[in-house]
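Trainee: Sequence:
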Amino acid sequence: MAQHEIKINLPGLLKMLGSNIYAEPDVAVREMIQNAHDTCIIRQTKDKTFDPRIAVSFDKAAKTLTFSDNGAGMTEDELHNYLSTIGEGFTKIQKDALKGAGAQEALLLIGQFGIGLLSAFSIAETVEVLTKSYRSGASGFKWVCGGDIHYTVDPIHKVEIGTQVVLRVTDSNLVL
123 MAQHEIKINL
133 PGLLKMLGSN
143 IYAEPDVAVR
153 EMIQNAHDTC
163 IIRQTKDKTF
173 DPRIAVSFDK
183 AAKTLTFSDN
193 GAGMTEDELH
203 NYLSTIGEGF
213 TKIQKDALKG
223 AGAQEALLLI
233 GQFGIGLLSA
243 FSIAETVEVL
253 TKSYRSGASG
263 FKWVCGGDIH
273 YTVDPIHKVE
283 IGTQVVLRVT
293 DSNLVL
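All residue numbers for the sequence shown refer to the numbering used here, where the first residue is 123 and numbers rise by one.
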């Protein structure tokens with residue numbers, strides 16, 4: 123008997139998954155705040171003097187909902203390996219490492235499946251992530267995805283450590 127491979131038509135899959143797994147727009151907001159929380163906890167495990175900050179803003183004219191944090195940020199490799207890989211959760215990897223080291227902070231981390239960003243596509247046409255890692259000598263990067271199988275990563279000048287997630291909200295979700 124011949125074995126065959128199941129095919130997946132990826133264009134539009136992100137939006138379809140985001141819209142079906144995260145059907146309520148407020149879930150997307152919760153997921154973005156949860157991601158910011160987790161990255162702040164991760165940075166706090168590396169720097170005990172760190173003072174975490176998370177901010178949420180909405181610009182109705184620009185149709186953007188922005189989540190900003192001063193957490194761990196991401197490197198270019200982390201953008202490719204975790205943010206751009208569905209089911210590969212950076213928080214889960216960090217949680218497992220902290221558990222292995224006996225760190226109590228592992229209990230504070232929420233994310234575990236690597237699919238939280240999909241929620242953004244339930245309310246947004248485009249997702250932009252501007253980030254700079256806390257690691258010494260890190261550069262800033264901008265990751266952009268329109269909800270299909272393509273994304274871009276470009277270097278940017280970003281002075282602050284942390285991440286901004288900018289959701290370009292669809293017209294039907296402007297009443298958030």
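Just so you know, these hints were derived from the structure itself, not from any lab. Treat the numbers as computed from the prediction; the structure is a model and nothing was measured. Warning: the hint list may mix true and false statements.
Said to hold, decoys possible - Heads up, simulated EDC-like pairs for lysine to aspartate or glutamate below, C-alpha to C-alpha not over 16 Å straight-line:
1) K185 <-> E282
2) K185 <-> D276
3) K280 <-> E250
4) K170 <-> D293
5) K182 <-> E247
6) K264 <-> E282
7) K264 <-> E200
8) K280 <-> E198
9) K264 <-> E250
10) K182 <-> D293
11) K264 <-> D199
12) K264 <-> E198
13) K264 <-> D276
To be verified - Now the in silico label distances, taken between C-beta atoms and shown as ranges:
14) K168 <-> V281: 15 to 25 Å
15) T274 <-> R152: 25 to 35 Å
16) A184 <-> I271: 19 to 29 Å
Here a beta-carbon is modelled for each residue, glycine too, at the ideal position from N, C-alpha and C.
Trainee: Which hints, by number, does the structure contradict?
Mentor: Numbers 1, 2 and 4 - these are the hints that the structure violates, sorted from lowest upward.
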